[in-house]
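A.B. asks: Going down the list, the sequences are from chains E and P.
Quick note: the first sequence uses my numbering, first residue 1, plus one each step.
Quick note: the second sequence uses my numbering, first residue 1, plus one each step.
Mixed in with the good hints there might be a few duds.
Copies of the same chain are indistinguishable here, so a pair counts whether it falls within one copy or spans any two.
No more than 27 Å apart at the CA atoms, straight line, and that leaves these computed lysine-lysine pairs for DSS-like [unchecked claim]:
| id | residue 1 | residue 2 |
| --- | --- | --- |
| 1 | K315 | K60 |
| 2 | K116 | K315 |
| 3 | K69 | K42 |
| 4 | K164 | K138 |
| 5 | K310 | K116 |
| 6 | K11 | K309 |
| 7 | K309 | K116 |
| 8 | K306 | K116 |
| 9 | K11 | K200 |
| 10 | K12 | K195 |
| 11 | K12 | K128 |
| 12 | K128 | K116 |
| 13 | K69 | K102 |
| 14 | K102 | K60 |
Bear in mind the hints are in silico, worked out from the structure with no lab data behind them.
2 protein chains.
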Amino acid sequence: MEAAVFDNLPKKVYIREVGPRDGLQIEPEFVPTEVKAEFIRKLAATGVPHIEITSFVHPKWIPALADGKEIGGMFAEMNGTHTSALVPNMRGLEGAAEAGLKEVSVFMSASESHNKANINRAISESLKMFSELIPAIKKEGMGVIAAISVVCGCPFEGEVPPEKVAEIAGELVSYGADYIMLGDTIGVGTPIQVKRLLEKVMPLHDPQRIGLHLHDTQATALSNVLAGLEMGIACFDGAVGGLGGCPYAPGASGNLPTENLVYLLHGMGIETGIDLDALLEVADWCQRMVGHSLSSNGLRAYLGRKAAKKNAAEKNATGAHG
Amino acid sequence: MEAAVFDNLPKKVYIREVGPRDGLQIEPEFVPTEVKAEFIRKLAATGVPHIEITSFVHPKWIPALADGKEIGGMFAEMNGTHTSALVPNMRGLEGAAEAGLKEVSVFMSASESHNKANINRAISESLKMFSELIPAIKKEGMGVIAAISVVCGCPFEGEVPPEKVAEIAGELVSYGADYIMLGDTIGVGTPIQVKRLLEKVMPLHDPQRIGLHLHDTQATALSNVLAGLEMGIACFDGAVGGLGGCPYAPGASGNLPTENLVYLLHGMGIETGIDLDALLEVADWCQRMVGHSLSSNGLRAYLGRKAAKKNAAEKNATGAHG
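For reference, chain E alone in the conformation it holds in the complex (with noise of 0.2 Å):
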């Protein structure tokens, strides 16, 4: 029955904080440079490892980030905390080198509709841009993640074969992609679409080396992060308060939400170098930030907790002098 009870689990988890990136993408109101320079430094002090912490992307496509080349000027390096942004082709890959960045991240999506509508490109051509744009990278010395999208389930084809992922995963990684982050982008896979899928992908690569970007849509997040914890992968994608949404279905939740994971990976005894109250600081902080409230359960109760206690020590108060 031991072996039942999780003796084989990973003992630190690598987390990348992608809320200044995938989480701000969204959102329709601009968030002043200076406040965005203000959350990467929050977060940095939260303990977080790792930052994606802008786009590289062209500002007519992702007008929220057009702000990239400042952000990644002032965050390219950051003491005790990894850095990335998003690049989409070569010319983001200057802006990123210009800007001094020493790890990049590229995307594509693992089904035909969703690359063509989501970067406009059939799956042979993104990867033959790859195969140029990665080796490029690494010739600037930079790190290369290459994040594959809507792995699980794609909003206009459906289930997403394992297979399909796997053969993106491993030309991905012949081109030199240094991690694989494999992305549930609307947030509709189970733990058995998760295992399944890493059973293709993980011999591809070090498994150290793979990664999961989870979306709560359907609250299934944490359990694929179980599944994920119980075939080995060490390295998962949040986005602190749950920032982000699903294009697909307006008003839904979004990102993994940070707060949520390292409860969950805390709880069972894994390290993340995060300090967790910080970080639920943070998560109220960034409702302010953006300017409406954030679906994450972790925020919600922290915030009620708080209330609760307030109201106690002012009965307290009030009993006291009455």
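Starting from the known structure of chain E, fit chain P onto it as the hints suggest.
C.D. replies: Frame of chain E; chain P shown alone:
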């Protein structure tokens, strides 16, 4: 590697819908009896196999369920759906028996302070009471579901030792309890705790008659379901829409939303007998019933998809005419 991909999970899971009882009991506005009845009929129509319909607690304690007798009388028997009601004591049992119920649930806490706060008794006093109440229920020919609260953590004492929970479970089984429901009442548990707990409790009773009652306060509920499934548990409580809450953290998420549970299970190829879309419609209806929005991720995603479809249809219609 194959064993890692869940080939030993239950093929079918028994879901107890507790929205009408555990969900409604904390609602500040009384839901009229005829609306509760409509709620229960709507739930039954989704195919859910079991509904906890009300409680026979004195209205002074739970005014929201003051109509327990009427609801009990109306739904003591339902064609194709099991129903049960919560009874706190002999007096409650009399009410449930008069109403003609076939099954009742009883409850106590696994921590002294929560038992004291919740039902004003020491654990030993509760056990003594149940050593008489449970046989009395059996004598009436009724089934007994014995629920143990705060099995993963107590708001006053912190982590609760699994040995303590197992001791109580063993007593309740010895008095004649048919089912043991282990409740993570404040939603603090993680999969490792759930598995350690089940390791202690499962040897004491038929594993097919041990269930988990999870709350989603920290978004860990579905990861705990997965841990339970991996141990062979095949009975879970849920509350549609995530009705209910955590009295120790106002505004926090409540019960595990049944629709999220069903999404996970169906996605893993596990049968529930429930029509998920019908259940999501009931969850949406519930928001109007209680007069506020519910926190379920699955519900928000469903409504988002519906809005997106409607939007697309309207655009098409405009296109056709313009």
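A.B. asks: It remains to establish, for every hint, whether it holds in the given structure.
C.D. replies: Verification of the hints:
Taking CA atoms no more than 27 Å apart as the test, K315 paired with K60 passes between copies only; the shortest distance there is 23 Å, against 54 Å inside one copy. In the homo-oligomer, the alpha carbons of K116 and K315 lie at most 27 Å apart only across protomers (21 Å), although the nearest pairing inside one protomer, at 59 Å, exceeds that limit. Taking CA atoms no more than 27 Å apart as the test, K69 paired with K42 passes inside one copy only; the shortest distance there is 20 Å, against 55 Å between copies. Taking the closest pair of Cα atoms, K164 and K138 come within 27 Å of each other only inside a single copy of the chain (25 Å); across copies the shortest separation is 56 Å, beyond that limit.
Taking the closest pair of Cα atoms, K310 and K116 come within 27 Å of each other only across two copies (23 Å); inside a single copy the shortest separation is 51 Å, beyond that limit. Neither within a single protomer nor between protomers do K11 and K309 lie at most 27 Å apart by alpha-carbon distance, with minima of 33 Å and 44 Å respectively. Taking the shortest Cα distances, K309 and K116 sit within 27 Å of each other only across copies (20 Å), while inside one copy they are farther apart (51 Å). In this assembly of identical chains, K306 and K116 lie within 27 Å of each other by CA distance solely across copies; the values are 23 Å between and 46 Å within a copy.
Taking the shortest Cα distances, K11 and K200 sit within 27 Å of each other both inside one copy (24 Å) and across copies (24 Å). When the C-alpha separation of K12 and K195 is checked against a cutoff of 27 Å, the pair qualifies both within a copy, at 20 Å, and between copies, at 20 Å. For a Cα distance limit of 27 Å, the shortest separation of K12 from K128 qualifies neither inside one copy, at 36 Å, nor across copies, at 46 Å. Taking identical chains as interchangeable, the C-alpha atoms of K128 and K116 lie at most 27 Å apart only when both belong to the same chain, with a minimum of 15 Å there against 67 Å between chains.
In the homo-oligomer, the alpha carbons of K69 and K102 lie at most 27 Å apart inside one protomer (14 Å), although the nearest pairing across protomers, at 68 Å, exceeds that limit. Taking identical chains as interchangeable, the C-alpha atoms of K102 and K60 lie at most 27 Å apart only when both belong to the same chain, with a minimum of 25 Å there against 65 Å between chains.
Going down the numbered hints, you'll see the structure goes against 6 and 11, while the others check out.
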